[in-house]
Amino acid sequence: MRIRLMVAAGILGVMILAFSLPHGDPSAVDLTAVLQPPSQAHPLGTDDLGRDVWALMAVGFWRTLTVVVTASLTSVLIGVPLGLIAGYSRGAVNAIIMTATDLTMIIPTFVAALLVTAVVGLTPFSAGLVLGLFGAGTYVNQTRALTLSIRSYDYVRAEVLLATPTVQILLRHVLPGVAGPLMRYFGSSASGTILAYAGLAFIGLGVDTTVPDWGTMLYRHRSQIDHPLLLLWPTLGIFLLAIVFHILADPALRKEGQ
Amino acid sequence: MIMRWQKALVRQLELFFVSSVVIFAVARALPRTPMEVYLQDRGLPVTPESIEALERQWGLGGPIVVQYFRWIGRFCTGDWGTSIVTGEQISVAMAQRLPISLAIGLGGVALAALLAYPLGMKASLGSRGWDLGARLITLISQAVPSFLICTLVIDLFGVRLGWIPFFRLSGAALVIAPMLIVAFYSLGQLSRVVTAHAEELRTEPFVTAAVARGFELNDLLWRDGRRPVLYGLISTVIAKMAWVIGGTAIVEYVFAVPGMSYYLIKSISSRDYTVVQSYLMVLVLWMFGTRIILGGVLSWLDPRTR
Numbered sequence: 001m002r003i004r005l006m007v008a009a010g011i012l013g014v015m016i017l018a019f020s021l022p023h024g025d026p027s028a029v030d031l032t033a034v035l036q037p038p039s040q041a042h043p044l045g046t047d048d049l050g051r052d053v054w055a056l057m058a059v060g061f062w063r064t065l066t067v068v069v070t071a072s073l074t075s076v077l078i079g080v081p082l083g084l085i086a087g088y089s090r091g092a093v094n095a096i097i098m099t100a101t102d103l104t105m106i107i108p109t110f111v112a113a114l115l116v117t118a119v120v121g122l123t124p125f126s127a128g129l130v131l132g133l134f135g136a137g138t139y140v141n142q143t144r145a146l147t148l149s150i151r152s153y154d155y156v157r158a159e160v161l162l163a164t165p166t167v168q169i170l171l172r173h174v175l176p177g178v179a180g181p182l183m184r185y186f187g188s189s190a191s192g193t194i195l196a197y198a199g200l201a202f203i204g205l206g207v208d209t210t211v212p213d214w215g216t217m218l219y220r221h222r223s224q225i226d227h228p229l230l231l232l233w234p235t236l237g238i239f240l241l242a243i244v245f246h247i248l249a250d251p252a253l254r255k256e257g258q
Numbered sequence: 001m002i003m004r005w006q007k008a009l010v011r012q013l014e015l016f017f018v019s020s021v022v023i024f025a026v027a028r029a030l031p032r033t034p035m036e037v038y039l040q041d042r043g044l045p046v047t048p049e050s051i052e053a054l055e056r057q058w059g060l061g062g063p064i065v066v067q068y069f070r071w072i073g074r075f076c077t078g079d080w081g082t083s084i085v086t087g088e089q090i091s092v093a094m095a096q097r098l099p100i101s102l103a104i105g106l107g108g109v110a111l112a113a114l115l116a117y118p119l120g121m122k123a124s125l126g127s128r129g130w131d132l133g134a135r136l137i138t139l140i141s142q143a144v145p146s147f148l149i150c151t152l153v154i155d156l157f158g159v160r161l162g163w164i165p166f167f168r169l170s171g172a173a174l175v176i177a178p179m180l181i182v183a184f185y186s187l188g189q190l191s192r193v194v195t196a197h198a199e200e201l202r203t204e205p206f207v208t209a210a211v212a213r214g215f216e217l218n219d220l221l222w223r224d225g226r227r228p229v230l231y232g233l234i235s236t237v238i239a240k241m242a243w244v245i246g247g248t249a250i251v252e253y254v255f256a257v258p259g260m261s262y263y264l265i266k267s268i269s270s271r272d273y274t275v276v277q278s279y280l281m282v283l284v285l286w287m288f289g290t291r292i293i294l295g296g297v298l299s300w301l302d303p304r305t306r
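Line by line, the protein sequences are chains F and S. Residue numbers 1 to 258, in the numbering used here, belong to the letters of the first sequence in order. Residue numbers 1 to 306, in the numbering used here, belong to the letters of the second sequence in order.
So here's chain F without its partners, still in its complex pose (with noise of 0.2 Å):
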């Protein structure tokens, strides 16, 4: 169990290290040396338009880690805080919170996803923003769920008899038992994000295509399956960033190591 998360935070690490090495430009196109295999002046060789893949690949993976970046924080920082609310309070705020809720789960995110950033175009941070925020409904819901079971304890029954003001009450002592379950929640949505994100770049609606992004790549070079590096790479990009999150969330793992 240790051994497995000091492999997947290694992984993340080796990654975010060997993409702040310098690289060359993305966008430099050279039409004398396409599609070249693997060299010493480029490292994962070159694209159709000669350009460097290693340069591709990197602009991608900052792009990719910022989409998750701005998805979790937007789930997490709107999800938490409104599924405490509404599992502490009950009544009318309750009843908004979750009618709220439940409209953004009517929506699958991927189209509401699909809608949007064809409306104001695909950038990580419209993407992030959007992922998130449609995301957030079922932290919302295991949140709520969670402070349901957790306001009926005696701790914070006693907490509430003393007149602890409520917000140190859900900070202090719902907060935490509700931390746990939800860490859990956050690696699976973290790697469906990287997928969705993938996906929104693959399909291309809103897209700029002369960013390179690890989707966008996969499109360019769908066709082009007489050079299987060039689909590799992406893809191994996307597999070891996505099982990261993956490894740090499986339940299974968790139970082997207690």
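Simulated from the structure, these hints should not be mistaken for lab results. Check before you lean on any hint, since a few could be wrong.
[What the hints assert, rightly or not] Below, in silico cross-link-like pairs of lysine to any residue (SDA-like), each with a Cα-Cα straight-line distance of 25 Å or less: (1) S:K240 with S:W5; (2) S:K7 with F:S89; (3) S:K122 with S:D302; (4) S:K266 with S:F24; (5) S:K240 with F:T138; (6) S:K7 with F:T104; (7) S:K266 with S:G87; (8) S:K240 with F:I243; (9) S:K266 with F:G204; (10) S:K266 with F:V211.
[Stated by the list, open to error] Pulled from the structure, derived: some chain F residues nowhere near chain S, Cβ distances all over 12 Å: (11) D30; (12) Q40; (13) L73; (14) M98; (15) R151; (16) D208; (17) V211.
All C-beta atoms, glycine included, are put in the ideal place defined by N, C-alpha and C.
Please build the complex by placing chain S on the supplied structure of chain F, with the hints as guidance.
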């Protein structure tokens, strides 16, 4: 029981009303009105007179509240208007495409649920190989984009082996490959849910007591554990229902299947707002129906919730 059911129905009706208002409001708040899109698409001059004529033709004039009720009234009676771009009846176009999307999404999830039960139970009770296999499937579905698997399948069976002419299929043959891929992508998660519930059952007092009396753990979990495990599986399937129509968009897109989501992607790129609006309403109707039906199934499986 009846009370609960009525309450659930009222709740879903409320949600239907609120979401239709939101969808209507968002469509109206877009910077380009349908009238402008229509006129600009056809290279016609955008004059106040032509906008007014179209408004009258489409029933988009008058106060906004009246417009909303006129629109929702027509929607409920099956008149969904015509596409701005192609001019076809939207309800007809949707009716043609819905069965295809449902076959892919619902068929895929149903197939996955059928396979997930034995696979998940085997992963809990059988040899370690089953567990590793189930984990591998889960891992692939969480870390490899589905459009890549689709591309590889098309390349292998369509191009290299030449067995299936993917883009020239029609009828039922059209949906088989996409359905199998959707099933594969749902199988991992669903089988993990079954395994988790089976593991939980092992520690239940009635199971340990029966094992102490000499019953086989295997028989117990397959026979007496069926209901609680199925309950867990079906609640997860309900959560997946929202995903059935829209979530398969990429698979439909890669295989170029003429389903709902492929229609949506085409309509978004041609700014055909009336189609997008109807698509969202179909999603709302779909959720409305599935929640009520599957809620009934759940309460039948677990009498305690009645």
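Verification of the hints:
As the CA atoms of K240 (chain S) and W5 (chain S) are separated by approximately 21 Å, the hinted pair is consistent with the 25 Å bound. Annotation: proposed proximity of K7 (chain S) to S89 (chain F) holds, straight-line Cα distance about 21 Å (limit 25 Å). Between K122 (chain S) and D302 (chain S) the alpha-carbon distance is near 24 Å, which keeps this suggested pair within the 25 Å criterion. For a cut-off of 25 Å, the pair hint linking K266 (chain S) to F24 (chain S) stands: about 21 Å separates their Cα positions.
Distance hint between K240 (chain S) and T138 (chain F) is fulfilled; the C-alpha atoms sit about 12 Å from each other, no more than 25 Å. Of the pairs offered as hints, the one joining K7 (chain S) and T104 (chain F) holds, with about 21 Å between alpha carbons and a cut-off of 25 Å not exceeded. At most 25 Å may separate the alpha-carbon atoms for a hinted pair to count; K266 (chain S) and G87 (chain S) meet this at roughly 14 Å. For the hint linking K240 (chain S) to I243 (chain F), the alpha-carbon distance of about 22 Å falls within 25 Å, and the restraint holds.
Restraint check for K266 (chain S) and G204 (chain F): the C-alpha separation of about 12 Å stays at or below 25 Å, so the hint holds. Straight-line distance between C-alpha atoms of K266 (chain S) and V211 (chain F) comes to about 23 Å, which keeps the hinted pair within the 25 Å bound. No beta-carbon of chain S comes within 12 Å of the beta-carbon of D30 (chain F); the shortest separation is about 27 Å. With a least beta-carbon separation of about 29 Å from chain S, Q40 (chain F) lies farther than 12 Å from that chain, consistent with its non-interface assignment.
The claim that L73 (chain F) lies off the interface holds: its Cβ sits roughly 21 Å from the closest Cβ of chain S, which is beyond the 12 Å cut-off. At roughly 10 Å, the least C-beta separation between M98 (chain F) and chain S is not larger than 12 Å, which violates its mark as non-interface. No Cβ of chain S approaches the Cβ of R151 (chain F) within 12 Å, the least distance being about 22 Å, so the stated non-interface status holds. The beta carbon of D208 (chain F) is kept farther than 12 Å from every beta carbon of chain S, the shortest such distance being approximately 15 Å.
Chain S leaves V211 (chain F) outside its interface by the beta-carbon criterion, the shortest separation being 19 Å against a cut-off of 12 Å.
Violation of the numbered hints given earlier is confined to hint 14; every other hint is satisfied by the structure.
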